[in-house]
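Undergrad: Just so you know, our numbering puts 4 at position 3 of the sequence shown, and the rest follows in order with no gaps.
Worth flagging that the hints you see were computed from the coordinates, not collected in a lab.
Just to be clear, a hint being listed does not mean it is correct.
[As the list claims (entries may be wrong)] Dumping the calculated DMTMM-like pairs for lysine to aspartate or glutamate here, alpha-carbon to alpha-carbon at most 25 Å:
1) Lys11 / Glu25
2) Lys11 / Glu22
3) Lys7 / Asp20
4) Lys21 / Glu10
5) Lys7 / Glu22
Predicted, not measured: the structure shown is a model, and the values here were computed from it.
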Amino acid sequence: LEQSAKTNEKYLAALRQFDKEIIEKQDLPIKNLD
Numbered sequence: 002l003e004q005s006a007k008t009n010e011k012y013l014a015a016l017r018q019f020d021k022e023i024i025e026k027q028d029l030p031i032k033n034l035d
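Full structure from sequences and hints, please.
TA: Here you go:
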């Protein structure tokens, strides 16, 4: 169970990082148009 929780934590952290990078990439064109 502990191993599963650690894996899940890493997975969620990776997802958050992925989302952050996607948002930053989506923001770039908008900033460039300004």
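Undergrad: Where does the structure disagree with the numbered hints, that is, which hint numbers, in rising order?
TA: Those not satisfied: there are none.
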